[in-house]
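With the sequences and hints as input, model every part of the structure.
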Amino acid sequence: LSPFPTDARVAWLLRLAAFSTFAVIVLILGFLVRESWPALSRVAPGRFLSDPSWHPTEGLYNLGPMLAGTLLTSAGALALAVPLGVASALFGRYYAPSGVARLHASLIELLAGIPSVVFGFWGLTTLAPLVNQWHPPGTSLFTGILILALMILPTVALTMSGTLAAVPAAYEHGAAALGLSRWTTIRGIVLPSVRTGLATSVMLAAGRAAGETMAVLMVCGNVVRMPTGLFDPVRTLTANIALEMAYALGNHRAVLFVSGLVLMVLVLALVGAVEFTTGGRRHV
Amino acid sequence: MSERPSRSRHLLPPRAADRLATFATWLVALGGTSVFVWLLTDIAGRGIERFSPGFLVESPLDAGRSGGIGPILLSTGLIVGVALAVAAPIGLGTSVFLAEFVPKGSRSESLIGCSLDVLAGIPSIVFGLFGNAFFCVYLGLGFSILSGGLTLACMVLPILIRTVEAGLRSVPGHYRLSAAALGLSQTSSLIHLLLPAAAPSLIAGLMLGVGRAMAETAALIFTSGYVDRAPGSILDSGRSLSVHVYDLSMNVAGGDSTAAASALVLVGVLLVFNYLARSLVTFWQNSKIMSA
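Chains as they are written, first to last, in the working numbering: chain R, 1 to 284; chain P, 1001 to 1292.
Please keep in mind that the hints were generated in silico from the structure rather than gathered at the bench.
Wrong hints could be hidden among the right ones.
[Said to hold, decoys possible] Partial selection, computed: residues in chain R whose CB lies under 10 Å from chain P: (1) Ile25; (2) Pro83; (3) Trp134.
[Claimed, not checked] Cβ pair distances, simulated, as ranges: (4) R:Glu58 - P:Ser1233: 37 to 43 Å; (5) P:Arg1019 - R:Thr196: 27 to 33 Å; (6) P:Leu1276 - R:Leu16: 30 to 36 Å; (7) P:Ser1108 - R:Ala273: 18 to 24 Å; (8) P:Leu1061 - R:Leu103: 37 to 43 Å.
[As the list claims (entries may be wrong)] Over 12 Å on every C-beta distance to chain P, these chain R residues come out as not near it, computed from the model: (9) Ala177; (10) Val223; (11) Gly229; (12) Thr238.
For every residue, glycine included, the Cβ atom is placed at its ideal position computed from N, Cα and C.
Laid out in structure tokens, this is it:
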């Protein structure tokens, strides 16, 4: 409601820019659906789990082993990274002297900036040979879980330290006045009060873990088979797309887009759940 | 609820539990840090053997086993350049719109905020699928630096916008009031006052965007392609540094040492960019607090 005509024009330009971010989402969803439509319309959805095997060139589209690969690697990585990430956030906030805390925080931030292909390379050339000596083959579900846990640890640690910083100081003062020890304060007061933040953090980390491609592609072995143990090679949905997109045609290509659509819907559900648990109060 | 602490007291005396917790958090922090240091020194140690100043300019030979990464650095620069050239205006516009033109909590703010959260959460391989279907095939750009750059532009929008938005929001409100009192239009107060005041966040946002774009691999394999020659134009295919690391370690036997050297260059550039961006943000937050 400014008296200047330029302002109105600028406001329109800015609105255009802002809504183009929304348009990108619509475009992505639209193209995923468009490209997967040949498969969705011709292959009955149940067949993605009930076909005897994954032989896409012969019209057999069982995505089950890949789905299991994604779920198992992500669940394993979360089981490792969530306790470690929370502990490292607690360390930074309550246990470390301030200089050490700052150093630790900047290391975690740098860790968050390391590209996934570098994690994959390190996993393939250093970690996998070590695991191989202990329990061959080196490239397996286990190595994938380790690398993935290392990658999502910063996500958990950074979001949790943000949440911990927002715990009202009055809680800690009250606990100190009652003479509670540090661990009793954390366990009885701090942790229960950050349950929402923890849930958000876990969901963000789950999204990252399920969507990670390069690192799991390089260390998991990529054999299309239902894993029977921790040291079996697995192939995730993301790795499957990366490996087969290069030569996939027709229905095969469409099925790869279906698995992309599944990942996209998974992320939308996780973001929706985060919005729901935080009641729309996003932290910027 | 109230019974939990007393139950734990039976398990362990509070003193011991306290000591155990202190020990455990120190152990986790030290463990995590040392794995990180192990990773970095490992890559640096192996990469440095193969590294020389010539490595940065020479062309790759024998599928990358020997030679350098000159053309690959050029392609990487072009891809990142295209991504930022497209993302920066849209990102700047969106962040100004969010911070200055709509009230927090309004419907357009939450719609756009939600889009940004979704965009930030989409796996990079899905961006790759989208980029391949839309830019390469539908728009007919083929496997090219342009397709890869445009795909990355969609990916870096969230971090760019959130950083600049936070910067604009922390410009004190009395700047806007004074500008309005002097009869400045919203546009000129934006150009002459608010954006200069938030300039460090703008630069930080751009640098974080560069970091995100350079780190990306999965979205590029099927958009900008694998060709390791120097690109003649942005319509040629070009291999980014991250794709080079991937290809050498997975598809080229005996490519590990070059992969390590390329990974070293990649990590080095990223650490510099991310460090500069973070210190800019910290520096400028501190100076804000002092002046307020």
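(message) Which constraints among the numbered hints does this structure fail? Numbers only, ascending.
(response) Of the numbered hints, 3 and 12 do not hold.
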